[in-house]
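Residue numbers for the sequence shown follow full-length UniProt numbering, beginning at 1 and rising by one.
Do not rely on the hints blindly, as some may be mistaken.
[To be verified] Here are the simulated lysine-lysine pairs, DSS-like style, with alpha carbons at most 27 Å apart:
#1 164 x 176
#2 116 x 32
#3 80 x 32
#4 32 x 176
[Stated by the list, open to error] Cβ-Cβ distance ranges computed for the label pairs, FRET-style:
#5 110 x 133: 33 to 41 Å
#6 188 x 137: 30 to 38 Å
#7 113 x 164: 16 to 24 Å
#8 107 x 57: 27 to 35 Å
#9 25 x 113: 23 to 31 Å
No wet-lab data here; the hints were simulated from the structure. Beta carbons: idealized from backbone N, C-alpha and C, even for Gly.
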Amino acid sequence: MGFLNNLINGISLGSIYAVIALGYTLVYGIAKMLNFAHGDVIMVGGYVIFYSMTSFSINPYLSVLIAVIVCTVLGIVIEKVAYKPLRQATSLSVLITAIGVSYFLQNSALLLFGEKPVNFTSVVNVPSISLFDGQVVITGEAIVAIVVSILIVIGLSLFINKTKSGRAMLAVSEDKDAAQLMGININRTISLTFAIGSGLAAIAGA
1 MGFLNNLING
11 ISLGSIYAVI
21 ALGYTLVYGI
31 AKMLNFAHGD
41 VIMVGGYVIF
51 YSMTSFSINP
61 YLSVLIAVIV
71 CTVLGIVIEK
81 VAYKPLRQAT
91 SLSVLITAIG
101 VSYFLQNSAL
111 LLFGEKPVNF
121 TSVVNVPSIS
131 LFDGQVVITG
141 EAIVAIVVSI
151 LIVIGLSLFI
161 NKTKSGRAML
171 AVSEDKDAAQ
181 LMGININRTI
191 SLTFAIGSGL
201 AAIAGA
């Protein structure tokens, strides 16, 4: 039964990585930018959840929602301040800027939160499931991670393929110039992409 436990844990961890990858590849696929600050946005989301729960005694699920809002706004600000001026710049310029944004967020976190790691209880309040007389245990965290990742994949797929904004994102990913000629607001579409990607980063940080 050890194999089943390891399999479940692997699927759970893979689900978290999937949410991380969705946000990262969404930005790269549509904006054609390597957002090295994506991991740092995840860190910000984790800290927001931690301090919301410990310092302000906010409900865990509400803390996650706050983190999503904060990271979404942060993603938009990063795009507007750091990446938007580089629309026509070389790939090297964008790469250097992305690394700079990453270092800025890392050092800002060091100044604000300190260098000591922090631990907090799980935001999940779902009971574990025991199978085969307790030989296989599916934790509440694993259940939520798997279910949430599936819902995110389905929801994001429906959004991109069924909504006007989503189809605009697809058009921009194919050809920015042609999309602009069709009346699509390139800047707004890319900002939306960063907002969604950063919101997903906050969920991954939970």
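Comparing the hints with the structure gives:
1. 164 x 176: OK: residue 164 and residue 176 at ~16 Å, within 27 Å.
2. 116 x 32: violated (35 Å)
3. 80 x 32: holds (15 Å)
4. 32 x 176: holds (10 Å)
5. 110 x 133: 33 to 41 Å: violated (48 Å)
6. 188 x 137: 30 to 38 Å: At 47 Å between Cβs, range violated.
7. 113 x 164: 16 to 24 Å: violated (40 Å)
8. 107 x 57: 27 to 35 Å: holds (29 Å)
9. 25 x 113: 23 to 31 Å: The hinted range 23 to 31 Å holds for residue 25 and residue 113, with Cβ atoms some 28 Å apart.
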